[in-house]
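Novice: Sequence:
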Amino acid sequence: QYGPRIKAGAVYLQTYHRLPYERVVAVLHDLFGVAPSEGTLANAQMLAYTRLEPVEQATRAALRRTDVLHTDETGIRVAGRTAWAHVVSTALLTYYAYHTKRGREAIRAMGVLIDFAGRRVHDAWAAYLGLPGAYALCNAHLLRELIGLHEDTGQAWIAPLIHLLRTIYTAVTDAQAAGQTA
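1 is the number of the first residue of the sequence shown in the numbering used here; add one for each residue after it.
What the hints contain is simulated information worked out from the structure, not anything from laboratory work. Glycine residues also receive a C-beta, built at the ideal position from the N, C-alpha and C atoms. Some hints here could point you the wrong way.
[As the list claims (entries may be wrong)] Pair by pair, the computed Cβ-Cβ distance ranges are: (1) Arg166 with Thr74: 40 to 46 Å; (2) Leu129 with Glu151: 37 to 43 Å; (3) Ala42 with His163: 39 to 45 Å; (4) Asp115 with Ala156: 19 to 25 Å; (5) Gly154 with Met46: 18 to 24 Å; (6) Ala35 with Asp115: 52 to 58 Å; (7) Asp174 with His17: 19 to 25 Å; (8) Arg166 with Leu92: 23 to 29 Å; (9) Ile162 with Pro4: 35 to 41 Å; (10) His163 with Arg81: 38 to 44 Å; (11) Arg60 with Thr82: 48 to 54 Å; (12) Gly154 with Pro4: 32 to 38 Å; (13) Ala140 with Ala175: 45 to 51 Å; (14) Val172 with Tyr12: 23 to 29 Å.
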């Protein structure tokens with residue numbers, strides 16, 4: 001009954017703009033004069049999910065072959081319960097995964113980090129530290145922790161370290177902009 005453009009628009013509104021079914025129906029009705037059922041919207045989501053499975057597999061495979069990965073997770077509420085949105089990324093690739101667990105079970109289910117041979121950049125969370133291979137600490141996470149510690153304690157050594165991290169970041173960014181690779 002609805003063509004691929006309406007279904008794609010609905011999936012886009014639901015996933016990228018995170019609109020609930022009711023609002024997607026309202027937007028589609030306001031813009032195009034159509035009012036698909038919530039079942040139609042759910043079916044469009046499932047169709048997109050199924051058709052994008054090869055892209056997901058290719059993305060995970062490409063991430064496993066890269067030299068450096070960034071990984072993190074954040075708590076989300078799903079049906080009144082805490083779940084986890086996990087991310088593994090590079091400058092060009094991003095893989096998101098939803099899981100009810102935060103730790104090793106979720107990491108195994110993602111299928112990227114367990115057999116990854118490169119360097120993982122993360123926030124020093126124990127589940128990441130327990131993985132084989134090399135890692136680096138995420139400066140954004142480290143900076144956030146230092147700022148919080150400085151606000152809480154006012155210890156004198158923290159401010160110079162924050163300044164140093166910001167100076168290093170600026171120097172690296174400037175060097176990259178100038179075309180330097182090392």
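Novice: Now look at each hint and say whether the structure bears it out.
Specialist: Checked hints:
1. Arg166 with Thr74: 40 to 46 Å: Cβ of Arg166 to Cβ of Thr74: about 24 Å, so the range 40 to 46 Å is violated.
2. Leu129 with Glu151: 37 to 43 Å: violated (26 Å)
3. Ala42 with His163: 39 to 45 Å: Distance hint for Ala42, His163 is violated at roughly 51 Å.
4. Asp115 with Ala156: 19 to 25 Å: Hint violated: Cβ distance 44 Å, outside 19 to 25 Å.
5. Gly154 with Met46: 18 to 24 Å: violated (54 Å)
6. Ala35 with Asp115: 52 to 58 Å: Given a distance of about 47 Å, which is not inside 52 to 58 Å, the answer is violated.
7. Asp174 with His17: 19 to 25 Å: violated (36 Å)
8. Arg166 with Leu92: 23 to 29 Å: holds (26 Å)
9. Ile162 with Pro4: 35 to 41 Å: violated (51 Å)
10. His163 with Arg81: 38 to 44 Å: holds (41 Å)
11. Arg60 with Thr82: 48 to 54 Å: violated (25 Å)
12. Gly154 with Pro4: 32 to 38 Å: violated (59 Å)
13. Ala140 with Ala175: 45 to 51 Å: At roughly 19 Å between Cβ atoms, Ala175 and Ala140 fall outside 45 to 51 Å, so the hint is violated.
14. Val172 with Tyr12: 23 to 29 Å: violated (35 Å)
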